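The chain contents come next:
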Amino acid sequence: MAKGIFVFAEVKDGNIKKVAYELLTAGRKAADQTGEELAGVLFGKGVASLAGSLGEYGADKVYVADDDKLAQYTTDAYSKVLADLIKEKDPSTVLFGCTVQGRDLAAKVAQKVGAGLLSDCTGMELEGGNIVFTRPVYSGKAIMKAAIPEVSPVMATIRPNVLPAEAAARSAAVENVAVNVDADDLRQVIKDVIMQISSRPELTEANIIVSGGRGMKGSEGFKVIEDLADAIGGAVGASRAAVDSGWIEQRFQVGQTGKVVSPTLYVACGISGAIQHLAGMSSSKCIVAINKDEEANIFKLADYGIVGDLFQVVPVLAEEIKKIMK
Amino acid sequence: MSRKPGNRMNIAVLLKQTFDTEAKIELDGGKINKKGVGLIINPYDEYAVEEALKLKEKEGGEVIIVSAAADTPDSMRQALAMGADKGISVEDAALADADEYSLAVALGKAVSTIPYDLVLAGWQGGSAQVAVRVAEELGIPHVNVVTKLEIAGGKATATRDIEGGSEVVEVPVPAVITAQKGLNEPRYPSMKGIMQAKKKPIQKLSLGDLGLSADQVAARVKVQSYSLPAAKAAGKMVPGEPAEAAAALAKMLREEAKVI
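These protein sequence lines map, in sequence, to chains A and B.
When the first sequence is numbered by our numbering, its final residue is 326 and no position is left out of the sequence of numbers.
When the second sequence is numbered by our numbering, its final residue is 260 and no position is left out of the sequence of numbers.
Same shape as in the complex, but just chain B (with noise of 0.2 Å):
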């Protein structure tokens, strides 16, 4: 249920967890093998919850981190840390095939058994839907990709990314506000963050606890194959002094590669 807008804030962080971005991919019988895998907060994810930290540290209120997933993901504890107040957790063998369409319909379950005034999420975890389908579920306006956020008068002021500049989108709360980079610089978690995060509730939810089940959350999207990208072949080192070797690239990008 969404309530009136006070002045303390209850906030809402979709959180996702994902490969380290230095991970090593390898495939195991078709599947990606996540064995042994580091996993850590979808980057765009930290700027929503450092956003909403920043929110209640100026307002007052409640900062709840909502995921969706198999298992609890370990990331929920470092959103903790970094000073969120308690976490749902959406979990369930269901949702191991999980696609964006049933994860928005989870989350939204999830969000709604709270009061909220706002919702925030990363603008991107890979596909960049399942805020924005959160916010179809939940009735409520969204503003994407946003690098600046204003709340006031049961209203968000919100700059978003546009292709070639930006636009300044208003909407009433509660609202989805999906974080890009340049909204703020996410905090580390101090030490006393750490331990205090584990102390914080996680209240762990079946899709049965939210009166859903399997069938109303099944996948639409259906995945056929994972491979690794081709190994490219060795490239042409154009070798010389600066001005010889780029008189020789200006030739070869014109009479080889044919791309100027």
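This is chain A alone, in the form it adopts within the complex (with noise of 0.2 Å):
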């Protein structure tokens, strides 16, 4: 019978991302309940130091692929070589971060091992002896509530800042992994990669985002989200309507044709509320509005709102937050 419970743990620039250690914490409580191990599964080149920091999240175990071939994530690469760790060890579970990387290797894995993947997910319980996962669907306006009860590996993917991430500190053993991947299994040749410099949080990890909207009037206008980001450490969103007038680009969208976010703050500026934004964004624990109708959907949402200006509210809340944070 299948057993063990793997957490797939995503290195970007030589360190792990956040989502993993609340996978290992979630995976932690249903592999104490049911008996299993817990490992995380550690892949690129350099990264065996990193596999540490695992154990200290909970994991028993660290499976570490450290390759030349893994030097870049590569669909290809890097799933032949989970299939392949997956099939010899036969887990119950693989976890994912909900995350570009995550998404696509986790679809891909799926179908070469034969698996159902639950995608997008925002909780997991364990119940009757099954992962039931939670996932909203429909731009978050139904719950669904599913597992996948007859055929291993379960497989989820599971979005960044919903699952709290908790030290639960044990040294994990090191297992090295195979890396059997030849020249014909690498059709993906990467060519270029352009990264966009900022010192700014990544959007879909962000713990605090400042977003803007048809409000914000024009380009202009999203110097004062940028400035009370900055005053709080935040990153940048926007909605639709200011990514398609051309104001900003579309990396920066929230939304059901954007990015879905779970911050612990969101500040939603000149933003009406459309569903398909709220699609992206109503898992934030604390949402804030600012807008000058006080009829604006947004505010339905919002467990802060203030009915205003916001080229006078936002440089102030910037100036206040600046204060207060000193």
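Worth double-checking, as some hints may not be accurate.
Claimed, not checked - Here are the simulated DSS-like pairs of lysine-lysine, each with C-alpha atoms no more than 30 Å apart in a straight line: (1) B/Lys56 with A/Lys191; (2) B/Lys56 with B/Lys199; (3) B/Lys35 with B/Lys222; (4) B/Lys155 with B/Lys58; (5) B/Lys199 with B/Lys35; (6) A/Lys300 with B/Lys35; (7) A/Lys45 with A/Lys3; (8) B/Lys198 with B/Lys58; (9) A/Lys300 with B/Lys232; (10) B/Lys222 with A/Lys89; (11) A/Lys69 with B/Lys148; (12) B/Lys222 with A/Lys285; (13) A/Lys112 with B/Lys222; (14) B/Lys251 with A/Lys217; (15) A/Lys112 with A/Lys87; (16) B/Lys56 with B/Lys198.
In case anyone wonders, no lab produced these hints; they're calculated from the structure.
Everything numeric in this text was worked out from a predicted model, so none of it was measured.
From these two lone chains plus the hints, build me the complex, please.
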């Protein structure tokens, strides 16, 4: 019988992404109840030294594949090594962060091993011997609970920031994983990587996000959003209206045709609150809305609201927050 | 079967139908009530259809819309009205509870019944799985979340979104390419296109026609329940002049919400 919970620990810029610790924390709870082993899975080049930190968040074991062929993420190489590992170790469960990489890898591996996969989950609980996953569907207008009871491994991608990460120190045993990737397996060739340089946190992982919408009136308007974001160490986001007006790049868009985020604090400035925007941010823990229109839909979702001109409110908010955080 | 790429391109586009974004969701006996809900092409699939049409206009060839569901999606006609040539609809009652695994098996089989040089799809239509799984079924590479695509010399060069930037990936064709917003601006069907679409062929195939049994497409995922999100308690409106309200809000975020 399939046994063991795997957590794929995504590495970015030489660091393990925070969502991996969140998954380990959830995985630890499940493993303690089922009596299974919790294993971190770590792929890359020069990543072996990161294995210890997975133990700090509860991993009993860390499978490490440290190889030149894994220096850069490609679906082809990573999915081959991970599918081989799954076939060999026969785990009951494999968890991924719901990130661009996690989603891509999980879908590919799932089909390779004939597994079911629940995407974009916001929770997991052990019920009657199965892990039951919660996921928002139809732009967050309904919540689905589902399990994969008959076919192993059970696979899921879980949104960053929705589950807590709690240290549970133990020293994890490291096991090196064979990397059997030959030229025929590698069809994807990375020709170029273009990274945007930003001192702000990545949108999908940020704890605080300040977003602007149609009320920004133009690209210059986003200056006040950036100033507030920098005052509280947050990321900048935008609604589709602002992106489609050409005021800010697509990569900042939060919503159905943009990114899904779950920060601790989401500040929506000049955003009306269309369904398509709510789909991307309604799982935020604390929502602040600043809008001139007191009838704006966003106020229905907001924990705190100010009806007023954002160009007057937001700069003062930034100054006040700077004072408080000093 | 995939064929040697020539100048003319046969492009399969995977299509999924979804609820209108603005649709109100109601439950009926623990299931989503689908009655009276407006259905649209999954928004990302429109980018895939548009890209296929642009490639066809440049290279010549055929655009074939492929779907798998319990019934023929009405929105397949919309894709045909945009300019696609024909449709293949895998429809079978056994797909009513299909999951991404089931759909990928069915779609993979359907695509392999036609000569194809490229498969396009929206990068996500709920779960962001099916197109990647279809690539695995077909044994061809994929590039996911693509904002720019060029096909030349038997290769696809695709720019894809990654966190914090983008990367350029080259794969041999045939390949599966999934479309991200920004790839193009989907056209609206013209009146002429809508009229022509009515006469375009849609080939209907059952699982049996594809040599598949219901067991081979048995869903792994079992839905246990649907619920509606709990209504949120009314938030706190912070009164006062802008400066006053902003200062009060900053204090509340610190002391009450404890989020800064």
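For each hint, the structure was consulted:
1. A C-alpha spacing of about 26 Å is found between lysine 56 of chain B and lysine 191 of chain A, which places the hinted pair at or below 30 Å, so the restraint holds.
2. With a CA separation close to 20 Å, the supplied pair lysine 56 of chain B and lysine 199 of chain B stays within the 30 Å bound.
3. Our distance criterion of 30 Å between C-alpha atoms is met by lysine 35 of chain B and lysine 222 of chain B, whose separation comes to about 22 Å.
4. Only pairs whose Cα atoms come within 30 Å are accepted, and lysine 155 of chain B paired with lysine 58 of chain B is accepted, the gap being roughly 16 Å.
5. Pair hint lysine 199 of chain B plus lysine 35 of chain B holds up; C-alpha atoms about 28 Å apart against a cutoff of 30 Å.
6. Distance restraint check for lysine 300 of chain A and lysine 35 of chain B: the Cα-Cα separation of roughly 27 Å lies within the 30 Å cut-off, and the hinted pair is therefore satisfied.
7. Between the alpha carbons of lysine 45 of chain A and lysine 3 of chain A the distance comes to roughly 28 Å, so the proposed pair stays at or under 30 Å and holds.
8. Proximity of lysine 198 of chain B to lysine 58 of chain B is assessed by CA-CA distance (about 25 Å); at most 30 Å being required, the pair is judged to hold.
9. Taken as a hint, the lysine 300 of chain A and lysine 232 of chain B pair is honoured in the structure, with Cα atoms around 8 Å apart against an allowance of 30 Å.
10. A distance of roughly 24 Å separates the Cα atoms of lysine 222 of chain B and lysine 89 of chain A; the hinted pair therefore holds under the 30 Å criterion.
11. About 26 Å separates the Cα atoms of lysine 69 of chain A and lysine 148 of chain B, which keeps this hinted pair within 30 Å; it holds.
12. Pair hint lysine 222 of chain B plus lysine 285 of chain A holds up; C-alpha atoms about 29 Å apart against a cutoff of 30 Å.
13. Distance restraint check for lysine 112 of chain A and lysine 222 of chain B: the Cα-Cα separation of roughly 20 Å lies within the 30 Å cut-off, and the hinted pair is therefore satisfied.
14. As the CA atoms of lysine 251 of chain B and lysine 217 of chain A are separated by approximately 28 Å, the hinted pair is consistent with the 30 Å bound.
15. Of the pairs offered as hints, the one joining lysine 112 of chain A and lysine 87 of chain A holds, with about 10 Å between alpha carbons and a cut-off of 30 Å not exceeded.
16. Taken as a hint, the lysine 56 of chain B and lysine 198 of chain B pair is honoured in the structure, with Cα atoms around 20 Å apart against an allowance of 30 Å.
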